[in-house]
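Undergrad: Per the numbering used here, the sequence shown starts with residue 1, numbered consecutively.
In short, the hints are calculated from the structure, not lab data. Incorrect hints may have been included.
Each pair of labels, with its calculated beta carbon distance range [what the hints assert, rightly or not]:
hint, residue 1, residue 2, range
1, N31, T10, 28 to 36 Å
2, Q46, E78, 17 to 25 Å
3, D41, S15, 12 to 20 Å
4, Q46, S66, 15 to 23 Å
5, P26, A80, 17 to 25 Å
6, W37, T71, 18 to 26 Å
7, V72, W14, 27 to 35 Å
8, D41, P20, 30 to 38 Å
The model shown is predicted, which means the values in this text are computed figures rather than measured ones. Note that CB positions come from ideal geometry on N, CA and C, so glycine has one too.
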Amino acid sequence: MPVDVSDGLTATVWSATFVPAKSPIPGYGENGYSVAWVDTDGGRLQVLVSGPRPAPGTTGRIIRTSLSDKTVLLFHAEPA
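Kindly produce the complete structure, drawing on both the sequences and the hints.
TA: As structure tokens, then:
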């Protein structure tokens with residue numbers, strides 16, 4: 001069942017990985033990018049990461065944003 005995602009949804013990283021290749025989204029991840037699987041109240045999502053690869057247990061927010069001509073979900077970690 002799809003998770004209802006609204007801007008600012010609280011999430012906790014379950015796992016994350018760095019992809020050492022150019023992102024298929026122009027203007028994002030020219031030298032590699034991170035993907036995270038995050039747990040929300042509504043379920044688990046796979047999202048792109050804003051900033052460095054987060055460790056499991058990192059909390060933050062899911063933000064819907066436009067990159068090039070695509071709308072994507074980005075995980076923004078809370079400041080340490």
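Undergrad: When you take the CB atoms of N31 and T10, is the distance between them in 28 to 36 Å?
TA: Holds, at about 29 Å.
Undergrad: Given a hinted range of 15 to 23 Å, is it respected by the beta-carbon distance of Q46 and S66?
TA: holds (18 Å)
Undergrad: Take the C-beta atom of D41 and the C-beta atom of P20, compute their distance, and say whether it sits inside 30 to 38 Å.
TA: Hint holds: Cβ distance 32 Å, inside 30 to 38 Å.
Undergrad: Return holds or violated for the Cβ distance of D41 and S15 against the range 12 to 20 Å.
TA: The hint (12 to 20 Å, Cβ to Cβ) holds, given that D41 and S15 are roughly 18 Å apart.
Undergrad: Is the hinted range of 18 to 26 Å satisfied by the C-beta distance from W37 to T71?
TA: holds (20 Å)
Undergrad: Per the hint of 27 to 35 Å, is the separation of the Cβ atoms of V72 and W14 within bounds?
TA: Cβ of V72 to Cβ of W14: about 19 Å, so the range 27 to 35 Å is violated.
Undergrad: Could you say whether the range 17 to 25 Å given as a hint is met by the Cβ separation of P26 and A80?
TA: violated (31 Å)
Undergrad: Can you let me know if the beta-carbon spacing of Q46 and E78 is within 17 to 25 Å?
TA: holds (20 Å)
Taken one by one, the earlier hints fail for this structure at numbers 5 and 7, listed in ascending order.
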